[in-house]
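Asker: Could you build all of it, start to finish, from the sequences and the hints given here?
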Amino acid sequence: MYGWTGKILEITLEDKSYREINLSEDYYFKFLGGRGLGVRLFLDYAIPEIDPLSGDNPIIFAAGPLTGTVIPSSGRLAVISRSPQTGTIFDSNAGGFWGAELKKTGYDAIIIIGSLGQLSRLEIDADGVRFIEAGQLKNNKATTTWDYLNKSIPDYRHIYIGPAGENLVRFSSITVGRGRNFGRGGLGSILGSKNIKAISIKGNKKVEIHNQAKALKIRDKAADWLEENPVTSNSMNRYGTSILVNLINEAGVLPTRNFQETQFANADKISGESLESKTVSSKSSCYNCPIICSRKLKTSDGQDKSSPEYESLGLLGANLGIDDLDRVNHLNHLCNQLGLDTISTSSVIAAYIEMAEKSLIEADIRFGDSQKIEELINKIAAREGIGREMALGAKEFASSKGYPELAMQVKGLDLPAFDPRGMKGQALGYMTSNRGACHIRANMMNLEIFADQDKIDRYSEEGKAALLIEQQDFNAILDSLIVCKFTLLALAAGFYQEMLEAVTGIDFNGEFFEIGSRIWNLERMINIKAGFNRDDDYLPERFSNQGGSGPSKDSLVDQDKLLNEYYALRGWDKTGRPKENLINDLNLREIAHKIELDIQ
Amino acid sequence: MMDKKDIANKSSGDYIYVNLYGGLEEYSPDSRRKGNRIKLAKANTVQDIIDYYQIPDDKARVILLDGRHVKKDHQLSKGETISIFPLLGGG
Chain F
5 MYGWTGKILE ITLEDKSYRE INLSEDYYFK FLGGRGLGVR LFLDYAIPEI
55 DPLSGDNPII FAAGPLTGTV IPSSGRLAVI SRSPQTGTIF DSNAGGFWGA
105 ELKKTGYDAI IIIGSLGQLS RLEIDADGVR FIEAGQLKNN KATTTWDYLN
155 KSIPDYRHIY IGPAGENLVR FSSITVGRGR NFGRGGLGSI LGSKNIKAIS
205 IKGNKKVEIH NQAKALKIRD KAADWLEENP VTSNSMNRYG TSILVNLINE
255 AGVLPTRNFQ ETQFANADKI SGESLESKTV SSKSSCYNCP IICSRKLKTS
305 DGQDKSSPEY ESLGLLGANL GIDDLDRVNH LNHLCNQLGL DTISTSSVIA
355 AYIEMAEKSL IEADIRFGDS QKIEELINKI AAREGIGREM ALGAKEFASS
405 KGYPELAMQV KGLDLPAFDP RGMKGQALGY MTSNRGACHI RANMMNLEIF
455 ADQDKIDRYS EEGKAALLIE QQDFNAILDS LIVCKFTLLA LAAGFYQEML
505 EAVTGIDFNG EFFEIGSRIW NLERMINIKA GFNRDDDYLP ERFSNQGGSG
555 PSKDSLVDQD KLLNEYYALR GWDKTGRPKE NLINDLNLRE IAHKIELDIQ
Chain D
49 MMDKKDIANK SSGDYIYVNL YGGLEEYSPD SRRKGNRIKL AKANTVQDII
99 DYYQIPDDKA RVILLDGRHV KKDHQLSKGE TISIFPLLGG G
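Protein chains in written order, with the working numbering: chain F, 5 to 604; chain D, 49 to 139.
One thing to keep in mind: the hints can contain errors.
[To be verified] With a straight-line cut-off of 25 Å between C-alpha atoms, the simulated BS3-like cross-links for lysine-lysine are: (1) D:K82 - F:K459; (2) D:K82 - F:K273; (3) F:K557 - D:K82; (4) F:K225 - D:K107; (5) F:K459 - D:K119; (6) F:K459 - D:K107; (7) F:K273 - F:K155; (8) F:K578 - D:K107.
Worth flagging that the hints you see were computed from the coordinates, not collected in a lab.
Answerer: This is the structure we're talking about:
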């Protein structure tokens, strides 16, 4: 095979064994790699209802056919498991170099099952897998863990968890390299439940490409287009995603104080432009990526800190009522050090503060009190005091207090920093995303804010389902190839098929775009088997009965209208189940039987 | 197109307020993002603001008036705040 290695590595922790497995071509042709392959492989190891934090829940690290090749921005990796935060099938995706290194070991994916008796780390290379006790790393934060690993085995690429992952916080992340994160969904806690602190990897093989000359030509063409596009060539490099703050605020869609408002008076103080005036000490890219979107800041305490992305500025800033950029940077750094997802950390704290300000609970805290918020973050990671309850995530926390409506989530995953009231396509995206409220399954913001409003009215529900489905399905392909989504700002959809065919030598004909729909529907089927239905596809009631701020003052989300149109276009019944003919058309009937899904 | 001098010399005290974001503040004479203002005596359009600050046309990609999208031919009224953004992306 070309592009793919054709092999996966299965690691069983109970007896510290491992073996190579050859996969049939069918897995690759139907599901590509990354997210799609991982979701399919999950079903070979577990049922959809598996207890997420039990040893039996597999965690899968999956690269794609383009990972580690000359194709630009192809350094990403997908991590797949059943999420302890959402209960859905879940994949998290991050850049860096680990994914490319995985391919160089000769595997498309690594599956880890079982758990270890003591905190350990794994080393994977041409000699096999080594299981090494790592008690000395217990409760170590990101920087000290990185320093240790980098010193101990400098030629390897590393992923690792922080104290939050060790303590099974339901929204803990996995750090990759020095400071990127597999965020969302709490996959860090799955490594924690298996007693794995870190996994280091080193490969010595080359990823074989079918048509090297054509792949290089495609690389050059892609590089030209990325260079010509003002976002991928300039804005992303200069500001990163942080540049969105002022736009999103003025457009009335910046979540503020637990989404009670959608504009933040001092947004400019925490904006990307303000951030740019801070000292940028270095910029870094992922494997083979010309965009170079991430940077580090030299802060007044002399430390290098990762510069916050848009989501962290919005949620640790406006959504917690904090307008001091240094404090937001500090809280972002703290979350990264502890291994906490910044979106979900903000969400559970914001719900807590809203309850406190409304005197629904007894707690002495206000929005904007960054000192007390910092204390809460530390308590969550350590699971101390109130942090023990908050570590379960906003949905469970707010429900346990009797106010489930104050958790800003769908399916347990907390809303990102785009308020759905001013972007109805984004609203539907949050509602129907298979992993809960997520903006990168299909970031409709890029369409709704930047489109000619005569053609796409961001406030209207009309026609959004069709646009969204196209985006969801195509993003499932990008997550499976895997190529960074930022390239989509500059490249045409058909170009990715050219990339895939040059690398693999396989002619996908008219079946390329269908793969996205297959992955999407398979995820939906897994969730339905796990107990999800239409009732789980709704935003909190706030978004349908309370307007936002500024231009979004009178805007509410008509959720049933959106869902009805979406289900019909998807070929699902009114309860949100894929219909039999769709399952047959997508070649998913066999899998439906495998997971014992009733087909109606 | 009105040039800088024309607009600056209008006798009326009516102003249009302009926010320039995402790097476009470099086109403000004193590099200001918020609180730029220009005098306006009679109806002018968003295009006049873009021309006044000499912002290349393809860089003014999203124009908001009180948070609502407007087009470049939008007729301005006194006291309005116009925010101009280049093409951005992310999430």
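Asker: A separate judgement is required for each hint: does it hold in the structure or not?
Answerer: Hints, verified against the model:
no. : hint            : in the structure
1   : D:K82 - F:K459  : violated (29 Å)
2   : D:K82 - F:K273  : holds (11 Å)
3   : F:K557 - D:K82  : holds (23 Å)
4   : F:K225 - D:K107 : holds (24 Å)
5   : F:K459 - D:K119 : holds (13 Å)
6   : F:K459 - D:K107 : holds (20 Å)
7   : F:K273 - F:K155 : violated (38 Å)
8   : F:K578 - D:K107 : violated (45 Å)
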